[in-house]
Amino acid sequence: MDTSINFAPDSTARTHQPALRGLVAMEALKLRKRLMTRIVFGFVTIGMAGFMSLAYLWVRLASYPSAAEREVDLDALMLPAVFTDVNAIIGGLGGILIAMLAASMVGSEFGWGTVRVLVGSGVTRTRLLAAKVVALFETIVLFVVAGLLTGVTMSLAFALIGGHGVSLDWVSGDTLSDILMIVVRQSFMLMIPAIVAFTVAVVARSLAAGIAVGIGLQIIDQILSSLLGSIGGFAGRLQDLLLTTNLSAIDQYNTVGTPQIDTTLPDVWQAVGLLTLYSAVMLSVAFAAFGRRDIASGS
Amino acid sequence: MTATMVGMDWGMAALGINGTPRKQGESVVRAEGLSKRYGEHAAVSNVSFEVQRGDIFGFLGPNGSGKSTTIGMMLGLVQPSSGTIDLFGLGPERRAEGLARTGAIIESPAFYPYLSGRDNLKALAHLRPGVTDARIDEVLATVGLRDAARKRYSNYSLGMKQRLGIGWTLLHDPELLVLDEPTNGLDPAGMQEVRHLILRLAEEGKTIFISSHLLNEIEQVCDQVAIIQHGKIIASGPVSELVGASTRLLIRTDAPERALHIVRGIGGVERAELQGDHLTVVAPELRPASINAALVEGGIAVDELRMTRNTLEAAFLELTTDSAAQE
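Protein chains in written order, with this note's numbering: chain A, 1 to 299; chain B, 1 to 327.
Errors might be hidden in some of the hints.
As the list claims (entries may be wrong) - Computed Cβ-Cβ distance ranges for the label pairs, DEER-style:
1) S48(B) with S284(A): 34 to 40 Å
2) A288(A) with S48(B): 28 to 34 Å
3) M181(A) with G33(B): 58 to 64 Å
4) R292(A) with S48(B): 21 to 27 Å
5) R195(B) with G216(A): 49 to 55 Å
6) P259(A) with P92(B): 52 to 58 Å
7) S284(A) with R195(B): 45 to 51 Å
8) Y38(B) with A288(A): 16 to 22 Å
Please keep in mind that the hints were generated in silico from the structure rather than gathered at the bench. As the structure is a prediction and not an experimental result, all values here were calculated from the model. Don't be surprised by glycine CBs; every beta carbon is placed ideally from N, CA and C.
I would like the entire structure built from these sequences, with the hints used as guidance.
Written out as structure tokens, the structure reads:
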């Protein structure tokens, strides 16, 4: 019998942890092939196309007091103004969809028992979770880019169909920088519900808990923000600590051109700092819980 | 390869196994005073055992005896309350290094249901630096899943899932294999193939740690066993010693009840029971001839007296029953 060696893993590799980029690639492969990811990206592309089509039909078919007013609304669907609405749709859909995806990245590992395979492989738990977080962030960026590209494509289609013509006069270094910053800001904003869902799924070892809290917290936070805002005074200052308020403080900059700033909202850097702090605390909890907990039978 | 091997190719050339020289006396797994408590409940209590390089070590115990918890501690899934369990002589702080040299199926095989068998291995191969796509295909062929490689894992039969699990453990050519119920769900031919694989891997110098409730399987492949019950090791050692320790005599007479009375009076008889029309006697220190002589002297005509070949299953049941009775 031929017992020649035809497989000899790198002996140095045996004693070292796999590179983080390899683990991120593993997470990316799992995400890419997953139905939930396809649904999420389907929603942001088909949903975006659907919303924008409805908006366009509404503007075209609804009766306006004057043609000038119709033109104002039509302009909002044309480049570069359309970025504001496209960004709003991405944020609206993404808050829920990304929370679901983030919870599933961890919760399903517990549900399927694959967490035993991952941890039992000897790769450190910190590294495994870090790879998931990185893959999640990459997915969020792709989600935002997919939404923006769909929005831009739809806007171009409306321009051609409506005979508005396509002008690239607005394209400049500043506007491209604005678009890039929309991607950065929106990705950062979607990270917040994602990290909440992710952390809860890790701590509770449950997909359902991650989704429920990830989405539920956004709803409760918005209700609470409205209530505190209407009370004012000290309650108003508490409102500045909520997610909704701080996300709005960042989101108002998500436009191409000069943004209209609401001075009642917290300073943007203060909002970024506070949300970064919240994220860091939640991720610390997730890493601590995943790092120390026993992965017993059935988990 | 024989025709009965239903598509699995356990040949070493196909496996590409690196022969690791067997170093007698080198500890691959060593547990010392290992305990795990969940509140007041002691899942594992002061467990110690050692698996040496090249051993095929059977880890036996009834359901809920602490097998999975012990394996969990070995694989870094469960934190011991006290004691240590080292792999390759490396302490807990270097467990990751030890696990990189280990392939394990923990409890039942667990993979991503929406991925194909091949994609599962492709994804998990990122955990094992150096594993190539060619190696993945090779392992799939080895475990007889080449034709089902593109089929979704959720559509696999239990036996196919088990094979994929074994494929996963072999992917990076580990020195230690930890197999929890490796033949679960396999048909008799598949079970035989796994048995052959285990023996061949051991011949190549692999160390194999098997947990199973199929005692016949364990007896056929393992050279060392440890039996755990209620979280404690109640017996351990070479299979031949455990089985031999409780070798018994079967005695058939026309007056079994009188014979039982006589036999129980013989010094050195550990146990004598009436089972139907015959007696079973455990008397490891006595020669069968001396028991025969005592019966004849007592006026009993012995129709049959023979040593029965004990099985690991019988030894296991005896040991676990004794242990339970003592508690």
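Hint by hint, here is what the structure shows:
1. S48(B) with S284(A): 34 to 40 Å: 37 Å, holds
2. A288(A) with S48(B): 28 to 34 Å: 31 Å, holds
3. M181(A) with G33(B): 58 to 64 Å: 59 Å, holds
4. R292(A) with S48(B): 21 to 27 Å: 25 Å, holds
5. R195(B) with G216(A): 49 to 55 Å: 52 Å, holds
6. P259(A) with P92(B): 52 to 58 Å: 54 Å, holds
7. S284(A) with R195(B): 45 to 51 Å: Hint holds: Cβ distance 48 Å, inside 45 to 51 Å.
8. Y38(B) with A288(A): 16 to 22 Å: 20 Å, holds
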